[in-house]
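**Student:** Protein chains in written order, with the numbering used here: chain P, 1 to 447; chain Z, 1 to 191.
It should be emphasised that the hints constitute simulated quantities derived from the structure, not laboratory data.
All figures in this text were calculated on a predicted structure; none of them were measured in a lab.
Cβ atoms here follow ideal geometry from the backbone N, Cα and C, with glycine treated the same way.
Please note that a few of the clues may not be correct.
[Stated by the list, open to error] One side of the interface only, derived from the structure: several residues of chain Z facing chain P at Cβ under 8 Å:
1. 28
2. 31
3. 35
4. 38
5. 44
6. 45
7. 46
8. 77
9. 81
10. 135
11. 152
12. 153
[As the list claims (entries may be wrong)] Computed Cβ-Cβ distance ranges for the label pairs, DEER-style:
13. P:215 x Z:191: 50 to 60 Å
14. Z:134 x P:188: 21 to 31 Å
15. Z:111 x P:414: 35 to 45 Å
16. Z:125 x P:410: 29 to 39 Å
17. Z:124 x P:85: 34 to 44 Å
18. Z:83 x P:304: 35 to 45 Å
19. P:57 x Z:190: 25 to 35 Å
20. Z:157 x P:150: 48 to 58 Å
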Amino acid sequence: MQTLDRRNFLKAVSGAAAASVLTVPQSFAATAKARVVVVGGGFGGASAARYLRLLDPGIDVTLIERGTRYTSCPLSNEVISGERDIRTLQAGYNGLARRGVKVVHAEVTQVDPVNKTVATADGQSFPYDALVMAPGVDLDYSAIGGLTEELAETRLPHAWKAGPQTLLLKKQLEAMPDGGRFIISVPKAPFRCPPGPYERAAQVAMYCRHHGKKKAKILILDSNDSFSKRPLFEEAWKALYGYGQGGMIEWVSGATGGIVEQVDATAMTCQTTFDDHKGDIINIIPPHRAGKIARDLGLATLKGTWCEVRPESMESTAHKDIYVIGDSCVGGELATGNGFPKSAHMANSQAKVVAAALVARLNGLPPPVPIYTNTCYSVVGHDWGFSVVHLFRVENNKWVYVAKGSGISPVTFGTKEKPLPVPRSYRKMEVAYADGWLRNLLADSFA
Amino acid sequence: MTKTKTLLALALIGVCATASARGDIEMLARTCNGCHGVGGVSVGLSMPSIGGLPKEYLRNIMKQWKYDERSAITMNRIVKGLSDDEIDALAAHFAKQRWVPAPQQASAALLAKGKSAISENCEDCHGFTGSDPDVDAPRINGQWAKYMELELAKYRDPRFKMPHRKMKKAAQDMKPAEVPAAAGYFGAQDK
Ligand SMILES: Cc1cc2nc3c(=O)[nH]c(=O)nc-3n(C[C@H](O)[C@H](O)[C@H](O)COP(=O)(O)OP(=O)(O)OC[C@H]3O[C@@H](n4cnc5c(N)ncnc54)[C@H](O)[C@@H]3O)c2cc1C
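Excised from the complex, chain P in its bound form:
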């Protein structure tokens, strides 16, 4: 796979776009100081390619991504409820191409870490000096009896990779009768976007409230015993939709029977350790693991599931010159339960670290001191949102979670002695900020 055969060579030079991605090692060596290949063009990979070019236009950057148009998962729950048009979440790759990134749309099938080449399904081969892996997550359908990838695309959409399944779930919701039951099955953590399933429950409830489905129920069957921003979600659910006994939203923890083991797509039931639950809509979010291409390469050193990396650079602990960012990697202060959340903002932040580390390395400069930040917004009503921010530093080659620079939106206002409820105007502003954040984040990754 290392060299192009004649047929593929001709194929490659036949189109103008293809010609620009043709890899000719000799000429590269003459013009570019180094070749970096990025696998995966989501928030992580796109940001890495973009910042590599911003920081050093002398580096030759190739981004390989199977899709031609990216759809952001952040704020995609608002698409399900009809609050947002999916097109506001999409970005193409022209912005990166304009910055001199060689964008290749192909499926990466193999990486050879010894000869340092990346091979794609259509027979191309790309040599690299450094490789950035950002393939996101793979969903493990086999973990739940009766679930298949095909079922996810037809009857049981997870909608955990935004796109056609998001629209399918929206359609199912629109068709659900009043009094219908919408089941969300949450996998064992870690999964991408820790607050995502609970935001989805709220968006579905909002849709039902405003579209003549006031008797609908949303049942969250959780494999975990607690969840992200819990006091904020519970306050909002209670105030807006009713929560718990008799309310619209009900949450079942893992310990009390929330773990879904089996699903029957014909009878539309799911089986937990305790009970069977019938649903009009069954939204199973399968367990996550690092993208297949990263696991195949042996990068998933943590339980064969997640890729461990070095705090100062995001370089894989398994292979030299290979860096892993985004949902596939694991990092943060794991010992205290403050791991990196799997989020778009985090992927973008890791991408900036990897870009600066690589540019320094390839130019023989001392490594810069990294810093990692995150924000996740949750929009739970058209005028109610909240967020969480995270800050991580690196000290003595270890990640340090900085509690002082991290935290959720306030649960109460006023002072400790005289707590007041948080003004509704405050929650409403976060809905506006979520939108502004997403636009900037998309631009900071794809423009």
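Based on the hints, put chain Z with the ligand in the right spot on chain P.
**Tutor:** What follows is chain Z with the ligand alone, placed relative to chain P:
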């Protein structure tokens, strides 16, 4: 080092004399891009552009957030993780960027209403287009109107701690309908 190498080193490590011993100010400033845009030029209507605002203003409000003297929705949490030196370096960094106004369209009626509202209460301190502010005020010509509306709501709400008494009073003296009009008017100015 060659010249390009030196330039690169400067870009990577930061040229700021006050850059904190903890690390790299460019790296830190890049974490702001996800919400405020590259160089502090925002493309998100609710998020402010911050590149090119006065250093003193930037420093002052970040410290107020850090020490709980000023309310915010997000920034108060973010700056609490930064040292005072880092805040100074960030203020210097963003003050050095160019102010890039994003003049937004507004209806003639809104502009007229905005113009009359601001010439009574705001022009003295912000200038006729928002580009000629008092020393302690930021530029607001071509700042995002949506952001300014939210900010004005904070100045007008007694539950929000906004320490600048005169600006607070000016905001509270406005009639509700003047708020979007003034924000729309300043947001529409390119110079
Ligand atoms: C409902 C929902 C809500 C969310 N809300 C937020 C939020 O508010 N804030 C936030 O920060 N995050 C949020 N997230 C999380 C966020 O979407 C992910 O963390 C983020 O997308 C991770 O970026 P990534 O680059 O690692 O992976 P991805 O964005 O998944 O990108 C990976 C890319 O790699 C490509 N790829 C994979 N393998 C190959 C291959 N072999 N060949 C070629 N291409 C390949 C894929 O096509 C894909 O485009 C949310 C997620 C969901 C599901």
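**Student:** For the hint 35 to 45 Å, verify it against the beta carbon of residue 83 (chain Z) and that of residue 304 (chain P).
**Tutor:** Because 40 Å falls inside the window, the suggested range holds.
**Student:** For the hint on residue 38 (chain Z), does the least C-beta distance to chain P fall short of 8 Å?
**Tutor:** 7 Å, holds
**Student:** Would the hint on residue 28 (chain Z) stand, with a C-beta cut-off of 8 Å toward chain P?
**Tutor:** Status holds, d = 6 Å.
**Student:** Taking 48 to 58 Å as the hint, is the beta-carbon distance of residue 157 (chain Z) and residue 150 (chain P) inside that range?
**Tutor:** 53 Å, holds
**Student:** Does the Cβ distance between residue 124 (chain Z) and residue 85 (chain P) fall inside 34 to 44 Å?
**Tutor:** Given range 34 to 44 Å: holds, Cβ gap about 42 Å.
**Student:** For residue 57 (chain P) and residue 190 (chain Z), compare the CB-CB distance with the range 25 to 35 Å and indicate the outcome.
**Tutor:** With Cβ atoms ~30 Å apart, the hint holds.
**Student:** Is 50 to 60 Å respected by the C-beta to C-beta distance linking residue 215 (chain P) and residue 191 (chain Z)?
**Tutor:** 57 Å, holds
**Student:** Regarding the hint that residue 45 (chain Z) lies at the interface with chain P, is the smallest CB-CB distance below 8 Å?
**Tutor:** 6 Å, holds
**Student:** Has the hinted range 35 to 45 Å been met by the Cβ atoms of residue 111 (chain Z) and residue 414 (chain P)?
**Tutor:** 39 Å, holds
**Student:** Does the nearest C-beta of chain P fall within a distance shorter than 8 Å of the C-beta of residue 152 (chain Z)?
**Tutor:** Cβ of residue 152 (chain Z) sits 12 Å from chain P, so the hint is violated.
**Student:** Holds or violated: is the Cβ of residue 35 (chain Z) closer than 8 Å to a Cβ in chain P?
**Tutor:** With a closest approach of 5 Å, the residue 35 (chain Z) hint holds.
**Student:** Double-check residue 44 (chain Z) for me: the hint is only fine if its C-beta lies closer than 8 Å to a C-beta in chain P.
**Tutor:** 3 Å, holds
Of the numbered hints stated above, those contradicted by the structure are hints 10, 11, 14, listed in ascending order.
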